[in-house]
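Build out the structure end to end from the sequences listed, making use of the hints.
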Amino acid sequence: MLVELIHNPASGTFDEFRLDVLSRAFQACGARVRLGRTEHDGRFEIFPESDLICISGGDGALRLVVASMARAGLAKPLCVYPAGTVNLVARELGYSADPERFAREVMAGFLAGTSARLTAPTVTSDGQPFVACLSAGPDGQAVARHSPALKKRIGGAAYAWAMVRLLADWPRLHFSLTVDAADGSQSVLSSAAFYVIKARHYAGSWTLAPAAAMASDIFHIVSLSRARRRDFIGFLVAVALGRDPARLAFVQSLPAHGLTIAAEDEPSRLAAFQVDGDMMPVQAREIRMSETAVTYCLPLPE
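The sequence shown begins at 876 in this note's numbering and counts up one residue at a time.
Calculated from the structure, these hints are not laboratory results.
Be aware that one or more of the hints could be misleading.
Taking CB as the label site, the calculated pair distances span [what the hints assert, rightly or not]:
{"id": "1", "residue 1": "D1092", "residue 2": "L1145", "range": "27 to 37 Å"}
{"id": "2", "residue 1": "A947", "residue 2": "V896", "range": "45 to 55 Å"}
{"id": "3", "residue 1": "R1103", "residue 2": "P923", "range": "28 to 38 Å"}
Calculated pairs, SDA-like style, for lysine to any residue (alpha carbon to alpha carbon, straight line, at most 20 Å) [unchecked claim]:
{"id": "4", "residue 1": "K951", "residue 2": "E1166"}
{"id": "5", "residue 1": "K951", "residue 2": "A906"}
{"id": "6", "residue 1": "K951", "residue 2": "L993"}
{"id": "7", "residue 1": "K951", "residue 2": "L986"}
Quick reminder that beta carbons are idealized off the backbone N, C-alpha and C, glycines included.
Spelled out as structure tokens, the structure:
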């Protein structure tokens, strides 16, 4: 069995020693390992003889690999070692952060075959796949303004610090969202901030859409009709306490098969969007479920 172990050497969380430990852990389980790496354009070489692709990184690295495989028309089972900042997909699918335990559980899952596979229909932003979440609003601006150097030192807390700094220059954004339901019906929302949710978790262990799941063939839109400082803080408090934010009067949550986004004014047209924890180079316009899917090799706990 050949495992292709892909990493992003430019990532702020990259750790060469940890990568070596993970490689040795797979070899101790009887696998052969070949190392691959993502490039700046997200492309990389998939070895044709690879049986399993393992991404050592976070949701952003996973997104690059999924997008590159989709462009190449490749279909191989994936697993994700949680070496990124937040690791939403790894959290949902139950991958261990201990490299030796991770390798043992993934190898057991691989040998179990289809009983340890999860098929996740792909959601795309303007034709490009993403894996967990996309958003615009105060937290999107915080992602754009965070310090990569600080993130390398303190991890996800760098986003929280960027949010605190944002309080002095709070964004006022206005979007029109056209939501396409699976049954073909449409809804139009006026939004000051919104989230496109595919994975169950957001920003760690938080949940914005309780019904969201990787295996679902829909995604969820969580939209705030207003997002003043006090509104957004109330939203965050509700989520932190484990409550469904849709219970708030200014929040709507809808399952969707498609979404069209239109910025209503100049500040909104210049606003930063984030996808899987990374800033987007251009704003998203069309979010759609695609006909493709990603197959994850699930871990089998010991």
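Against the structure, the hints:
With their beta carbons about 34 Å apart, D1092 and L1145 fall inside the hinted range of 27 to 37 Å. Checking the proposed 45 to 55 Å range against A947 and V896 shows it is violated: the Cβ atoms sit about 29 Å from each other. Here the CB-CB span from R1103 to P923 is close to 54 Å, at odds with the stated 28 to 38 Å. In summary, the hint linking K951 to E1166 is supported, as the alpha carbons are separated by about 16 Å, within the 20 Å threshold.
Taking the CA atoms of K951 and A906, the gap is near 16 Å; set against the 20 Å cutoff, the hint holds. As the CA atoms of K951 and L993 are separated by approximately 12 Å, the hinted pair is consistent with the 20 Å bound. Proximity of K951 to L986 is assessed by CA-CA distance (about 15 Å); at most 20 Å being required, the pair is judged to hold.
Checked against the numbered hints listed earlier, the structure breaks hints 2, 3; every other hint is satisfied.
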